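Go ahead and model the full structure; you've got the sequences and the hints to work with.
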Amino acid sequence: MALSVMIAVLAVLAAWAIATWAIWKWGPGERTWKVWCPVYKKEAKVVAIQREAEFVPSYAGLQVFDIKRCSLFGGGPVNCRKECLGRP
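Just so it is clear: in the sequence shown, position 37 is 37 by our numbering, and no numbers are missing.
It should be emphasised that the hints constitute simulated quantities derived from the structure, not laboratory data. Treat each hint with caution, since some may be false.
[What the hints assert, rightly or not] List of simulated lysine-lysine pairs, DSBU-like, C-alpha gap at most 30 Å:
| no. | residue 1 | residue 2 |
| --- | --- | --- |
| 1 | Lys34 | Lys68 |
| 2 | Lys41 | Lys68 |
| 3 | Lys68 | Lys82 |
| 4 | Lys45 | Lys25 |
| 5 | Lys45 | Lys82 |
| 6 | Lys25 | Lys42 |
| 7 | Lys34 | Lys82 |
| 8 | Lys82 | Lys25 |
| 9 | Lys42 | Lys82 |
| 10 | Lys42 | Lys68 |
| 11 | Lys45 | Lys68 |
| 12 | Lys82 | Lys41 |
| 13 | Lys34 | Lys45 |
| 14 | Lys25 | Lys68 |
[Said to hold, decoys possible] Distance ranges between label pairs, derived from CB positions:
| no. | residue 1 | residue 2 | range |
| --- | --- | --- | --- |
| 15 | Glu43 | Val5 | 49 to 57 Å |
| 16 | Cys80 | Trp16 | 38 to 46 Å |
| 17 | Lys45 | Ile18 | 24 to 32 Å |
| 18 | Gly86 | Ser4 | 29 to 37 Å |
| 19 | Thr32 | Arg81 | 15 to 23 Å |
| 20 | Arg31 | Gly74 | 35 to 43 Å |
It should be emphasised that the depicted structure is a prediction, and the values quoted were computed from it without experimental measurement. By construction, the Cβ of each residue, glycine as well, lies at the ideal position given by its N, Cα and C atoms.
Set out below in structure tokens:
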């Protein structure tokens, strides 16, 4: 009896650890991506800030909210129209 309770508690802890890791890995936050810049016609490495999407019928809808850094700007402020986000 005690062994089965211990196994059940360890299984629940393992499930919580896996869920926490998955949210940290693929959830909201900063992500580094390579994108195609339609203005400079080059590939750029960007640090994008993504958050939960609004009005998305998916349970895991994330959207890129902003670009924090871009390799085409050499570490300076990103002061373009951010057309790489694909927004109108």
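Hint check results:
Between Lys34 and Lys68 the CA atoms are separated by roughly 13 Å; this keeps the pair inside 30 Å, and the hint holds. Of the pairs offered as hints, the one joining Lys41 and Lys68 holds, with about 20 Å between alpha carbons and a cut-off of 30 Å not exceeded. Between Lys68 and Lys82 the CA atoms are separated by roughly 11 Å; this keeps the pair inside 30 Å, and the hint holds. The straight-line distance between the Cα atoms of Lys45 and Lys25 is roughly 19 Å, inside the 30 Å bound, and the hint therefore holds.
Pair hint Lys45 plus Lys82 holds up; C-alpha atoms about 13 Å apart against a cutoff of 30 Å. As the CA atoms of Lys25 and Lys42 are separated by approximately 28 Å, the hinted pair is consistent with the 30 Å bound. Annotation: proposed proximity of Lys34 to Lys82 holds, straight-line Cα distance about 14 Å (limit 30 Å). A hinted pair counts as satisfied when its Cα atoms are at most 30 Å apart, and Lys82 with Lys25 qualifies at roughly 25 Å.
Between Lys42 and Lys82 the alpha-carbon distance is near 14 Å, which keeps this suggested pair within the 30 Å criterion. Of the supplied pair hints, the one linking Lys42 and Lys68 holds, its CA atoms being roughly 18 Å apart against a limit of 30 Å. A C-alpha spacing of about 11 Å is found between Lys45 and Lys68, which places the hinted pair at or below 30 Å, so the restraint holds. For a cut-off of 30 Å, the pair hint linking Lys82 to Lys41 stands: about 13 Å separates their Cα positions.
In summary, the hint linking Lys34 to Lys45 is supported, as the alpha carbons are separated by about 4 Å, within the 30 Å threshold. About 19 Å separates the Cα atoms of Lys25 and Lys68, which keeps this hinted pair within 30 Å; it holds. For Glu43 paired with Val5, a C-beta distance near 54 Å keeps the hint of 49 to 57 Å intact. Cys80 and Trp16 have their C-beta atoms about 42 Å apart, which keeps the hinted 38 to 46 Å range intact.
Judged by the Cβ atoms, the range 24 to 32 Å given for Lys45 and Ile18 holds: they are separated by roughly 30 Å. For Gly86 and Ser4, the hinted distance range of 29 to 37 Å is not satisfied, since their beta carbons lie about 52 Å from each other. Restraint check, Thr32 to Arg81: a C-beta distance of roughly 21 Å satisfies the suggested window 15 to 23 Å. Separation of Arg31 from Gly74 is about 20 Å and departs from the stated range, judged on CB atoms against 35 to 43 Å.
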